[in-house]
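Visitor: Each chain is listed here by its residues.
There are 2 protein chains.
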Amino acid sequence: MLHLILADSELETIPSELWTHPSVIKDAKRRGKKAKNILLDSTYHHSAIRKFFPGEENRRGRPDIVHYFLLNTLESYLNRKHLLRVYVHTRNDEVIFINPETRIPKSYNRFVGLIESLFLNQYVPDKERPLLWMKKMALKDLVSSLKTDNVFLLTEKGKNAKIEQFLNLDDQVFIIGGFPSGDFISRTDFVKESISIFNETMLAWVVAYEIIVRYEIVNKIF
Amino acid sequence: MLHLILADSELETIPSELWTHPSVIKDAKRRGKKAKNILLDSTYHHSAIRKFFPGEENRRGRPDIVHYFLLNTLESYLNRKHLLRVYVHTRNDEVIFINPETRIPKSYNRFVGLIESLFLNQYVPDKERPLLWMKKMALKDLVSSLKTDNVFLLTEKGKNAKIEQFLNLDDQVFIIGGFPSGDFISRTDFVKESISIFNETMLAWVVAYEIIVRYEIVNKIF
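Each protein sequence line maps, in turn, to chains A and B.
Heads up, the first sequence is in this note's numbering, so the first residue is 6 and it goes up one at a time.
Heads up, the second sequence is in this note's numbering, so the first residue is 6 and it goes up one at a time.
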């Protein structure tokens, strides 16, 4: 089983500091929602982030990264063969658990609505048989719960390695950064190895598909 | 060089029959644009498509498929190594040519705005050095212009084949359907072979990354 964790994802509802910013008020009004229930999105709230969290305006508010990560992983051949588990860990130490049979909405705007509902209720669509559910949990605790030592962190700062050498293990966990630039916020010193598979920064969802396809090949799944 | 064509993509501006439909008028007003300059999008215009083109409501208006296809292909390692060309062919026999150094907007709404500008002007951002440009052209003529016989159509109806066997050729073209269901509209009888690499329908952008990663491996690029 391959486990992929999107870690320190830039997924959060609008922080209270920003609730009175004109761009936030406008967005909330347009969408008929309260500011506190809307996802932070740098496409719409870039100037508000820059004003209240200077230096973080090119990092925070990236639900799109989570969306593309889920569209690539949940729709993969590997996932259809029930050999993949994906988790979304956020900058605020929440973890989103995902039933592997979930069909993520293709429409970005619908995806955002779904995640907003998840932040509000902690599960969607219903509590008894949720497709997505959310818990307060640190990255370290999520990894512990997966009960394997084969935990690898993908980072430019890791040692150069070919990904194939880690893919024929029984159970393994790869941690991919869910942020557009900068470094992990979470503690990551518990991993077995930090590895760099490219010589350059790659997008989270590209890293995800590179791992998935190579896993399929090494394990002769497809 | 690997060439990927997204063919018969469901990318079009709103057909004239739909201009007076309430959902279209509302959407045009919200976006401050004329209906004829807006992309058809099943998320917003599903009922209008059903009314005027019954039976096509689950097929037409899918700019999202083009968006995810481009995000996966243009941001791939293969493309960074200058070994990939991608083309978007539409249901109305237009072809979008793409400078491989283009950074496609991550935001879906910005992507839609960009493509609307492309439909209006036939190029973006400027005529002398366009990143994207558009021509009236049939699929067959696009393929002819690539000057190779190694042209493969991916379709469930093709013969079962392992994709790897086609990837060590000098130059090859793979044609992937840019529609969510149904069959190709375009003539495709000029291809060398029609092949099925999965035993089930897969999303266009998943097919694209499966080909890209396997090409990288077979050709020892990464």
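Derived by calculation from the structure, the hints in this document are not laboratory data.
Among the hints, a few may not be true.
Since the list can't tell identical chains apart, any single copy or any two copies may satisfy a pair.
Stated by the list, open to error - Under the rule of at most 27 Å between Cα atoms (straight-line distance), these lysine-lysine pairs were calculated in the DSSO-like manner: (1) LYS111 with LYS86; (2) LYS56 with LYS167; (3) LYS39 with LYS111; (4) LYS152 with LYS56; (5) LYS141 with LYS39; (6) LYS38 with LYS132; (7) LYS34 with LYS167; (8) LYS167 with LYS141; (9) LYS197 with LYS132; (10) LYS225 with LYS167; (11) LYS162 with LYS86; (12) LYS145 with LYS197; (13) LYS111 with LYS56; (14) LYS140 with LYS56; (15) LYS111 with LYS38; (16) LYS164 with LYS86; (17) LYS41 with LYS111; (18) LYS164 with LYS140; (19) LYS141 with LYS38; (20) LYS140 with LYS41; (21) LYS31 with LYS111; (22) LYS111 with LYS34; (23) LYS41 with LYS132; (24) LYS145 with LYS111; (25) LYS111 with LYS162.
Visitor: Go through the copies and call it for LYS140 and LYS41: within, between, both or neither, with a Cα cutoff of 27 Å.
Guide: Within one copy, since 19 Å is at most 27 Å while 46 Å is not.
Visitor: Classify it for me, LYS41 with LYS111: is the Cα-Cα distance of at most 27 Å met within a copy, between copies, both or neither?
Guide: both (25 Å within a copy, 24 Å between copies)
Visitor: Please sort LYS56 with LYS167 into within, between, both or neither, judging by C-alpha distance up to 27 Å.
Guide: Neither: 42 Å inside a copy, 53 Å across copies.
Visitor: Given a CA cutoff of 27 Å, do LYS34 and LYS167 count as a within-copy pair, a between-copy pair, both, or neither?
Guide: neither (49 Å within a copy, 52 Å between copies)
Visitor: When no copy is specified for LYS197 and LYS132, does a C-alpha distance of 27 Å or less occur within a copy, between copies, both, or neither?
Guide: Neither. Shortest intra-copy (35 Å) and inter-copy (52 Å) distances fail the 27 Å Cα cut-off.
Visitor: Under a CA distance limit of 27 Å, which applies to LYS41 and LYS132: within one copy, between copies, both, or neither?
Guide: within (22 Å within a copy, 44 Å between copies)
Visitor: One pair to classify: LYS162 and LYS86, alpha carbons no more than 27 Å apart. Within, between, both, or neither?
Guide: Between copies only: 21 Å across, 33 Å inside.
Visitor: At 27 Å max between alpha carbons, let me know whether LYS164 reaches LYS140 within a copy, between copies, both or neither.
Guide: neither (32 Å within a copy, 46 Å between copies)
Visitor: Between copies, within a copy, both or neither: which fits LYS39 and LYS111 at Cα up to 27 Å?
Guide: both (24 Å within a copy, 25 Å between copies)
Visitor: Should LYS145 paired with LYS197 be assigned to within, between, both, or neither, using CA atoms and 27 Å as the limit?
Guide: Within one copy, since 12 Å is at most 27 Å while 52 Å is not.
Visitor: One pair to classify: LYS31 and LYS111, alpha carbons no more than 27 Å apart. Within, between, both, or neither?
Guide: Both. Shortest intra-copy (25 Å) and inter-copy (22 Å) distances satisfy the 27 Å Cα cut-off.
Visitor: When no copy is named, should LYS140 and LYS56 be tagged within, between, both, or neither for a Cα gap of at most 27 Å?
Guide: This pair counts as neither: shortest intra-copy Cα distance 30 Å, inter-copy 43 Å.
In the structure shown, a violation is registered for the earlier hints numbered 2, 4, 7, 8, 9, 14, 18 and 24, in ascending order.
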